[in-house]
Amino acid sequence: MNPPVIRAEGLTKRYGGVLALDRVSFEVAEGEIFGFLGPNGAGKTTTIHLLTGLARPDGGRVFIHGEETSGRVKRAQHLFGIVADESNLYPELTGFDNLSFCGALYGMRKRAREERARELLGVFGLAEAADRRFSGYSKGMKRRLAIAAALMHRPPILFLDEPTTGIDVASARRIRGLLAELSRGGVTIFLTTHYIEEAERLCRRIAFIASGRLLRVDLLEELLEPLKGRHLLRLTLSREIGDRLGGLTRAFPSIARASLSGKRCLLESSAPVALGPIVRYLEECGIEVLEAVRQRPSLEEVFVEITGIEAEAMRGEKEPRKGGGEA
Amino acid sequence: MRQAVAFWNILLKDMRAYYLKPPNVSWGILFPLAWTAMFFIKSGAGPERLREVLPGVAAISILFGTTSMLAVTVTFEKKSRSFERLLLAPISLELLMFAKTAGAILFGVANAFVPFAIAALFVDLAPLSWGTALPAVFLVAVSSTFLGLFIAVSVSEVFEAQTFSNFFRFPMIFLCGLFFPIADLPVVLKPLAYLFPLTYGVDLLRHALRQPAVLTPAVDFALLGLSCGVLFSFSLRNIRRRWIL
Chain A
1 MNPPVIRAEG LTKRYGGVLA LDRVSFEVAE GEIFGFLGPN GAGKTTTIHL LTGLARPDGG
61 RVFIHGEETS GRVKRAQHLF GIVADESNLY PELTGFDNLS FCGALYGMRK RAREERAREL
121 LGVFGLAEAA DRRFSGYSKG MKRRLAIAAA LMHRPPILFL DEPTTGIDVA SARRIRGLLA
181 ELSRGGVTIF LTTHYIEEAE RLCRRIAFIA SGRLLRVDLL EELLEPLKGR HLLRLTLSRE
241 IGDRLGGLTR AFPSIARASL SGKRCLLESS APVALGPIVR YLEECGIEVL EAVRQRPSLE
301 EVFVEITGIE AEAMRGEKEP RKGGGEA
Chain B
328 MRQAVAFWNI LLKDMRAYYL KPPNVSWGIL FPLAWTAMFF IKSGAGPERL REVLPGVAAI
388 SILFGTTSML AVTVTFEKKS RSFERLLLAP ISLELLMFAK TAGAILFGVA NAFVPFAIAA
448 LFVDLAPLSW GTALPAVFLV AVSSTFLGLF IAVSVSEVFE AQTFSNFFRF PMIFLCGLFF
508 PIADLPVVLK PLAYLFPLTY GVDLLRHALR QPAVLTPAVD FALLGLSCGV LFSFSLRNIR
568 RRWIL
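One line per chain: the protein sequences are A and B, in this order.
Using this note's numbering, you'd call the opening residue of the first sequence number 1 and step up by one each time.
Using this note's numbering, you'd call the opening residue of the second sequence number 328 and step up by one each time.
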């Protein structure tokens, strides 16, 4: 691993009587995309606020490039580009003026920031909307401009808080492509998300966080290692299977694990199981199989196993994506 | 140099986005006109008494102009979260807040000169000491802006900022010697007058117009300057305590 650019040691934060973050420690290496994955209220935004200086920790320390920044984060803020979970640019300014203003906040001279603004508007596909007011942008355009604004001063560290939440599929795909490109260019990216597939697709290392506690931090391949050789079969049934699940696993010993979520049933095995006998068995029990899908084991299974949180529930927490499906 | 670029652009952005918008420009002209007209209609006095009301009208124009704007430039931006962008920029909080208030101070100074310009059309302002009037107007603008800032950072909503502002502003019209001499106030209210920085500002403007005043110019300047420092410090303390949690 490259030397850590960001190091958090025992970060703790309380809001009144609520423990928002409980002794959270992790390191982010130079040039990597580090995913911070968890449901709403897990402590993702609080962590970004503590790292960037929008909040003060009640305990623990933060190091940026090896230098402690707790209590003196202003020294390091020129290294950060920050994209908040809500687009917080100025609605009355045009896209171009917003970028230019953000560059000025970091001391960029007029000519330099105007050139950079034009360049980024092109990269983010917003050149034609440069002179339109930010308030007239679509949600996806707003998010793209917010990322462009964070990149104005060419920061080596980029913090992104749920960058693709609530935006259309095409914009989300475009943003993910841009993040991957930035990472290849050496930018260190700290990404919070509650989209498991997004973390799996983009991140080199991933941290699972829930209820303010860090449950696991590891390389993506290490997280996926236990899933190798595992086979998943997801069934959608006509009614809830209830206590007949035990009978099913006894009738098919190759099924190592079976879990239920309403009328959905997930069967896990070390070898592919034949679908026909399972369908017939269930039909004999008066349960019809409406849909059967063989799934590639993914980070979702690891997440569910470690956090105990159903991925479906987490997906539904925020605004559904326009167009649905996977982006 | 980087700090100067940031300062100038924050000020410029606020000027374009807020202060130079037609409603604010018209407010700056109409408000002093309305106050001057109201005084003359009510008292039945002639234009020869314009000089007497000039310190009060100038001070009230600055007070209302500056405190109203801070609710927008600070409270509204905090509410819409664009203020976070400023807090995350690599500039000190002191410089950031100077930049955010500089526009309101300039707006207040511009507001003050509207009644002076109107008065100059009707009466001779030759006795006016510009050496006292200019720093007095500037300090009244600074102290009123910092009062607005103190209010703006003590609340969460724009409407709360407006309500809280009125809680200070309307009593100040009566207590600070703008139109009613402090000497004529009931004994229990007199100490209150000296709690408000505007009292010292109006007193200075009276000095500038060679009118009877309560304190010496040196004391007025010192207390007005002190008020500015106290209000700014309290505002920064509130931002650090309430906004950088």
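No wet-lab data here; the hints were simulated from the structure.
Ideal Cβ positions, reconstructed from N, Cα and C, are used throughout, including at glycine.
Some hints could be false.
[Stated by the list, open to error] One side of the interface only, derived from the structure: several residues of chain A facing chain B at Cβ under 10 Å:
| id | residue |
| --- | --- |
| 1 | L54 |
| 2 | R56 |
| 3 | G60 |
| 4 | S70 |
| 5 | K74 |
| 6 | N88 |
| 7 | P91 |
| 8 | E92 |
| 9 | M108 |
| 10 | R109 |
| 11 | A149 |
| 12 | E268 |
| 13 | S270 |
| 14 | V273 |
[As the list claims (entries may be wrong)] The calculated lysine-lysine pairs, modelled on DSBU-like cross-linking and capped at a C-alpha distance of 35 Å, are:
| id | chain 1 | residue 1 | chain 2 | residue 2 |
| --- | --- | --- | --- | --- |
| 15 | A | K139 | B | K517 |
| 16 | B | K406 | A | K74 |
| 17 | A | K74 | B | K348 |
Results for each hint:
Checking A:L54 against chain B by beta carbon gives a least distance of about 6 Å; that is within 10 Å, so the hint holds. Hint on A:R56 holds. Least Cβ distance to chain B is approximately 6 Å, under the 10 Å limit. A hinted interface residue such as A:G60 counts as satisfied when its beta carbon comes closer than 10 Å to some beta carbon of chain B; here the least separation is about 15 Å, so the hint is violated. Here the hint on A:S70 is broken, as its CB sits about 13 Å from the closest CB of chain B, past 10 Å.
Annotation: A:K74 was flagged as interfacial toward chain B, and the flag holds, the nearest CB pair being 6 Å apart, inside 10 Å. Taken as an interface hint, A:N88 checks out: its beta carbon lies about 4 Å from the nearest beta carbon of chain B, inside 10 Å. Contact between A:P91 and chain B, as hinted, is supported at the beta carbon level, the nearest pair being about 8 Å apart and thus within 10 Å. A distance limit of 10 Å between C-beta atoms decides the matter here; for A:E92 the minimum to chain B is near 5 Å, and the interface restraint holds.
At about 7 Å, the closest approach between the beta carbon of A:M108 and any beta carbon in chain B falls short of 10 Å, and the interface hint on this residue holds. Below 10 Å, beta-carbon pairs count as interface contacts, and A:R109 has one with chain B at about 7 Å; its hint therefore holds. The closest approach between the C-beta of A:A149 and any C-beta of chain B is roughly 8 Å, which is under the 10 Å cut-off, so the hint is satisfied. Interface hint status for A:E268: violated, as the beta-carbon distance to the closest one in chain B is roughly 43 Å, over 10 Å.
A distance limit of 10 Å between C-beta atoms decides the matter here; for A:S270 the minimum to chain B is near 49 Å, and the interface restraint is violated. For A:V273, the shortest C-beta to C-beta distance to chain B is roughly 51 Å, which exceeds 10 Å, and the interface hint is violated. In summary, the hint linking A:K139 to B:K517 is not supported, as the alpha carbons are separated by about 56 Å, beyond the 35 Å threshold. Proposed proximity of B:K406 and A:K74 is supported: the alpha carbons are some 23 Å apart, at most 35 Å.
Annotation: proposed proximity of A:K74 to B:K348 holds, straight-line Cα distance about 33 Å (limit 35 Å).
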